[in-house]
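For the sequence shown, the numbering used here gives the first residue as 1, with consecutive numbering after it.
Keep in mind the hints are simulated off the structure, nothing from the lab. Computed from a prediction, not measured in an experiment: that's the story for all the values here. Hints may contain errors.
In silico DSSO-like pairs for lysine-lysine, Cα to Cα no more than 30 Å straight-line [stated by the list, open to error]:
{"id": "1", "residue 1": "Lys406", "residue 2": "Lys316"}
{"id": "2", "residue 1": "Lys348", "residue 2": "Lys410"}
{"id": "3", "residue 1": "Lys253", "residue 2": "Lys348"}
Pair by pair, the computed Cβ-Cβ distance ranges are [what the hints assert, rightly or not]:
{"id": "4", "residue 1": "Gln418", "residue 2": "Ala356", "range": "23 to 33 Å"}
{"id": "5", "residue 1": "Val355", "residue 2": "Gly335", "range": "18 to 28 Å"}
{"id": "6", "residue 1": "Leu123", "residue 2": "Leu102", "range": "46 to 56 Å"}
Glycine included, each C-beta is placed from N, C-alpha and C at the ideal position.
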Amino acid sequence: MKIKTKQQAKADMPVTDLQWSRLENPWRIVGVYLAAGILWILFSDHLINLLDVDHAVYMRFQSVKGGIFVALTAFLLYLQVKKDYRRISGLSRTVLAANRELTAYADDIRSKDQELRQKNASLRETLDALTVQNHFIQQVYRDSNTIIMIWNETGVVRDINDAFQQRFGYTTEEIVNTKWADRLLAEDERENLTGRVRHLREHGSIIHLENLMRHKDGTTLHILWNETFMEQSLWGEPVIVSFGIDLTGEKEKEQQIRILAYRDRLTGLQNRRVFEDQIQLLLDAATPFAVYALDIDNFKTVNDLFGHQTGDLFLKEIARRLTARFPFPALFTWGGDAFFLLDPHTGKTDMDQAVAAIFQVLESPFEIGDVAHKPSGCIGIAAYPRDGSTLVDLLQSLDIALNKAKSRGKGSVSRFEQTLLQEVFSRNQLERSIEEALEKDGFLLHYQPIYDMQAKRLHGFEALLRWSLQGIPFQTGELISFAEETQHIIDLDFCVIRHSFGFLKRLPARSLLQLSLNLSAKTIVSGRLVPFLKTCLAEQPIQPGTVQFEITE
Numbered sequence: 001m002k003i004k005t006k007q008q009a010k011a012d013m014p015v016t017d018l019q020w021s022r023l024e025n026p027w028r029i030v031g032v033y034l035a036a037g038i039l040w041i042l043f044s045d046h047l048i049n050l051l052d053v054d055h056a057v058y059m060r061f062q063s064v065k066g067g068i069f070v071a072l073t074a075f076l077l078y079l080q081v082k083k084d085y086r087r088i089s090g091l092s093r094t095v096l097a098a099n100r101e102l103t104a105y106a107d108d109i110r111s112k113d114q115e116l117r118q119k120n121a122s123l124r125e126t127l128d129a130l131t132v133q134n135h136f137i138q139q140v141y142r143d144s145n146t147i148i149m150i151w152n153e154t155g156v157v158r159d160i161n162d163a164f165q166q167r168f169g170y171t172t173e174e175i176v177n178t179k180w181a182d183r184l185l186a187e188d189e190r191e192n193l194t195g196r197v198r199h200l201r202e203h204g205s206i207i208h209l210e211n212l213m214r215h216k217d218g219t220t221l222h223i224l225w226n227e228t229f230m231e232q233s234l235w236g237e238p239v240i241v242s243f244g245i246d247l248t249g250e251k252e253k254e255q256q257i258r259i260l261a262y263r264d265r266l267t268g269l270q271n272r273r274v275f276e277d278q279i280q281l282l283l284d285a286a287t288p289f290a291v292y293a294l295d296i297d298n299f300k301t302v303n304d305l306f307g308h309q310t311g312d313l314f315l316k317e318i319a320r321r322l323t324a325r326f327p328f329p330a331l332f333t334w335g336g337d338a339f340f341l342l343d344p345h346t347g348k349t350d351m352d353q354a355v356a357a358i359f360q361v362l363e364s365p366f367e368i369g370d371v372a373h374k375p376s377g378c379i380g381i382a383a384y385p386r387d388g389s390t391l392v393d394l395l396q397s398l399d400i401a402l403n404k405a406k407s408r409g410k411g412s413v414s415r416f417e418q419t420l421l422q423e424v425f426s427r428n429q430l431e432r433s434i435e436e437a438l439e440k441d442g443f444l445l446h447y448q449p450i451y452d453m454q455a456k457r458l459h460g461f462e463a464l465l466r467w468s469l470q471g472i473p474f475q476t477g478e479l480i481s482f483a484e485e486t487q488h489i490i491d492l493d494f495c496v497i498r499h500s501f502g503f504l505k506r507l508p509a510r511s512l513l514q515l516s517l518n519l520s521a522k523t524i525v526s527g528r529l530v531p532f533l534k535t536c537l538a539e540q541p542i543q544p545g546t547v548q549f550e551i552t553e
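Go ahead and model the full structure; you've got the sequences and the hints to work with.
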């Protein structure tokens, strides 16, 4: 339904209807009645006077005149009332129609009002939700640990969050409306900014972009960015929203891990991994070079006497002195008292000079707190390509040379020779032969009688170890020395004890002959001797007093 205003409704009404107050004026009816009555009286009286009738006729005529007057007056009143009644009826119909229209208008107004109230309530709820959401977004934006920076295509900063200020040291006033690249980016990275913006405009986003950024104090930060391009913004221009994570701490940890992976934790020198990689690079390039291995003599004694902490300080001081004498990239060590040196010079004179320089480093006494120590060391030398063409062969040659130097005593030097390799093979074969003889009971004992000349009687026996290698008698002294070096001496002494107890058990019980056995000092101090003797006595009961042990010289 179309709603009309009051002015429009008033304009649509007839003119007679608008003048209803004038049509209903009672004085109009009275006036008509009064005029008609006066005119009738005058006219009727004048007519009677003209007729000149008697009193009876006159009275009758007056009665008729009164009746006519009443009838005429009633008729006039009827006409007037009927006329006004029609007008009043028309006005009533108009009023009723207007009332119905106004009622419909009021109903429509109420409906519109209810609808507006509902929409207003919905808008209020939406506004409240938007307010809460906006507050939440602002709180996340401001309080987020993620660095957030909003900037336009020319690099001018439009807004930053609190995390940005904390990471870079700039306030909002200092950075907003300035070009961030001029302050934060390294100069060589600024050239990439144009391409960066072009990529964002074409593709909409960039993920995992890492930049080296500058803090306000000049320090370098590693920042990982994810960026989004937005065509519309609060600033009426396209903007770029950058979300950053500070990776500086992680990068420092990675650097520490990298250092630990390639450096010795104690001395800071490069470790075995780098050492072998460097050798492999030289081998691949077929570049001649020499390798030196320095092993500190009896360094275990320093740890035992003064403690491992003091020993570590000595190793660090040795590393410092070696580093001061030789180029840092050429020095290596890993978790021990051995140091390694790579040298591109392979001439004999060069090697002699390098050895002299190493020993010169060790000449001056080392003083750590109240502890003074003058170390010595043994040096093994191997060279490429003379002593090996592969990493394995070269390191094997170096190890053989160092072991040979250590076997010669403190401060010894040994350069690898093929004879040393043959010697190692011989020693390995000898060691395997000793192990096989121990397993198969291949050693023999000769019992040399001990005769008492004064008493002219047999005093006892001395057990003598004998062994043949491939049918050739092996010198017992060399056998004992080699067994001590290879840690087989204890098993060898136990073999002698077991056979000797069997020999004593076979002697007459009343003979009480003495049996003298030679044992290594390593067996005596091993802690295994007494338990083994108890086991042997349980298996082969003899008179304990008939056995005499002597320490091998």
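Okay, the hints, checked on the actual structure:
1. Lys406 / Lys316: 22 Å, holds
2. Lys348 / Lys410: 22 Å, holds
3. Lys253 / Lys348: Answer violated: Lys253 to Lys348 is near 45 Å, above 30 Å.
4. Gln418 / Ala356: 23 to 33 Å: 26 Å Cβ-Cβ, so the 23 to 33 Å window holds.
5. Val355 / Gly335: 18 to 28 Å: For Gly335 against Val355, whose Cβ atoms are near 24 Å apart, the range 18 to 28 Å holds.
6. Leu123 / Leu102: 46 to 56 Å: 30 Å, violated
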